[in-house]
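Trainee: Just so we're aligned: the sequence shown equals residues 1 to 260 in the UniProt record's numbering.
In short, the hints are calculated from the structure, not lab data. Misleading hints may appear alongside valid ones.
[As the list claims (entries may be wrong)] In silico lysine-lysine, BS3-like type, Cα no more than 27 angstroms apart, as pairs: (1) Lys105 x Lys14; (2) Lys122 x Lys28; (3) Lys105 x Lys28; (4) Lys28 x Lys14; (5) Lys198 x Lys14.
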Amino acid sequence: MIEILNATELAQAKATGALVADILQSLKNRTTIGTNLLDIDRWAAAMIVEAGAQSCYVDYAPSFGRGPFGHYICTAVNDAVLHGLPHDYTLADGDLLTLDLAVSKGDVAADSAISFVVGESKPPESVAMISATERALSAGIAAAGPGARIGDISHAIGSVLSEAGYPINTEFGGHGIGSTMHQDPHVANTGRPGRGYKLRPGLLLALEPWVMADTAELVTDADGWTLRSATGCRTAHSEHTIAITQDGAEILTLPRRTQP
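Work the whole structure out from these sequences, hints included.
Mentor: And the structure:
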């Protein structure tokens, strides 16, 4: 299913996107050495409930998971990259943490992810990998607009990631979003320009470049959810929800505030 949102729905999408971004920013500000992943999950739950919104994850039970997910946010540490199930783990200095959050409010969902290094130690390889995903995300957004094709976005993202030297996995990527979290079209993190679905104003897309330092192969944890690099290398993931407009693309998941 591919949804095209009307003006009222787009206004709600902007509000939901800002809420997602604000929660992620608050969680990043509160996270430090000694923070437990379960604390992050509880903080996210409290902010979602306080906002009168709903988590897209608690009851999420796709065919590839061991559902339902049962938590409010994905927390992936170091070699974990996608669907990180919050568990009893205390963050250490230099850990690379990815927070991935999807929330629905007013029957419209928004989805975003950020990666950052915890504490004072900033391993250069981790910083470079995070930067590559952020640059790829910016390139993908720049390639989006009315009349462009999904392949144009995929090509823009993949070009940045490949030039940075990272292998690219195509099993999981970006996706359409709207009344539900995951919709068509699929947006692979590499592809050929000029191919695929033609973008129209009112379409929402969640673009999410992610990479693993030295492999494109994933393995699944015993929890049935958390996806890790097959080699144990570190990973990074950046994501925004965007709306296709008459003039280009608008990022919906930018924070309105930065305080905890």
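Trainee: Among the hints numbered above, which are violated by the structure, and what are their numbers in rising order?
Mentor: Going through the list in order, the structure violates no hint and respects every one.
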